[in-house]
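Visitor: Sequence:
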Amino acid sequence: MKKAVLSIIGIIVLVCLGGLIFFYAQISAKASDNEETKMFTIESGQGVKEISANLKEAGLSKSDFIFQTYIWLKQYGSKIQAGDYYIPQNLRMTGLVKMLISGEALSTERIVKIIEGWASTEISQYMAEFAVVDGNYTESDYIKEFMDAVDMTDSKDLIPEKTYDFLADKPSDQGLEGYLFPDTYRIFKNSDPTHLIEKMLDNFDVKLTKVLRDEITAQGKTIYDVVTLASIVEHEVLTLEDKKIAAGIFYTRMENGIPLESDATVNYVTGKSELQPTFADTEIDNPYNTYENRGLPPGPISNPGLDSIMAVIYPEDTDYLYFLTKPDGTTVFSKTFEEHLANKAKYLD
1 MKKAVLSIIG IIVLVCLGGL IFFYAQISAK ASDNEETKMF TIESGQGVKE ISANLKEAGL
61 SKSDFIFQTY IWLKQYGSKI QAGDYYIPQN LRMTGLVKML ISGEALSTER IVKIIEGWAS
121 TEISQYMAEF AVVDGNYTES DYIKEFMDAV DMTDSKDLIP EKTYDFLADK PSDQGLEGYL
181 FPDTYRIFKN SDPTHLIEKM LDNFDVKLTK VLRDEITAQG KTIYDVVTLA SIVEHEVLTL
241 EDKKIAAGIF YTRMENGIPL ESDATVNYVT GKSELQPTFA DTEIDNPYNT YENRGLPPGP
301 ISNPGLDSIM AVIYPEDTDY LYFLTKPDGT TVFSKTFEEH LANKAKYLD
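At the far end of the sequence shown sits residue 349, using our numbering, and the numbering has no gaps.
Honestly, the hints are just simulated from the structure, not real lab data.
Here a beta-carbon is modelled for each residue, glycine too, at the ideal position from N, C-alpha and C.
Each hint should be verified, as a subset may be incorrect.
To be verified - Cut-off 27 Å, straight-line C-alpha distance, at most; resulting in silico cross-link-like pairs (DSS-like, lysine-lysine): (1) 98 / 189; (2) 79 / 113; (3) 30 / 79; (4) 210 / 199.
As the list claims (entries may be wrong) - The following label-pair restraints were derived from C-beta to C-beta distances: (5) 165 / 272: 32 to 42 Å; (6) 88 / 314: 30 to 40 Å; (7) 314 / 156: 25 to 35 Å; (8) 280 / 103: 37 to 47 Å; (9) 46 / 139: 45 to 55 Å.
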């Protein structure tokens, strides 16, 4: 009997020891598989359980059980500070908890990620969410101020102390759409829209190097036309190689007086996101509709990334005249209209 009791006690001890080893291995391991710095907000009054669930949902913690248990064991529940945190990649669970109780990552800045191909309206809506959280704008007020700034035809009216040479060939009646370079930015909380717009224009100025500008000039093109076509290419295909081919197709079409027939421009007109616009949509009377109008539209339809700009500067010369994008994002190119129709029937209809 005594031996049986000792055996049971031994098993319990081993189980407990195994559990402790597992637990401490978990808190010493990476809190998540997150591969980039992310912003995480803790609101005033949130409890450990809610914070834990939010961390897991944001992909910043693999286990809300481990997080909550560690907080409970260390009695840190009342020490977690509300605010905005920038959680780096490869952070251990112990480091994550330390960050949240020390407030060391609290910042007066925000990290914002502007996506390639976003139009200015999309950027304004994305940024308005932060402005509302900071309490210095209503959503509609921020969007209006942002769009008013983007629509300014002279950047000097917006940023008097700077001259952006890349805007020199921009038509005098056009705003800054197309030049708001998509990237990850640090901005001050409570900053006005001009703060971010200036950063994006500065970034465009750096990314469009002298080599690229000289190449554009040597080809007899303008930066404005390059940006306009790049904004279309950005929405049509995904990879750099496909973008080069698509850019080459568009140039061939323009040289031969064939409309671009870009679905992206039709979506810009309609506000939709269709892989294949309706026939009625392609007949809409609008200068941005490249089914109805030859050549480039009046201006950019979005803010393209560097790959799309490079593709337009260095297009691939092929015999293709048509292409379509399959639902999985891959591109199918065609040399003849008959071949293109067959591909449409196969992949889109």
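Visitor: Compare the structure with each hint and give your call.
Guide: Here's how the hints hold up against the structure:
1. 98 / 189: 24 Å, holds
2. 79 / 113: Given that 27 Å is the threshold and the Cα spacing comes to 30 Å, the pair is violated.
3. 30 / 79: 22 Å, holds
4. 210 / 199: 19 Å, holds
5. 165 / 272: 32 to 42 Å: 36 Å, holds
6. 88 / 314: 30 to 40 Å: 36 Å, holds
7. 314 / 156: 25 to 35 Å: 32 Å, holds
8. 280 / 103: 37 to 47 Å: 57 Å, violated
9. 46 / 139: 45 to 55 Å: 23 Å, violated
Hint compliance for this structure: hints 2, 8 and 9 are not met, and every other hint is.
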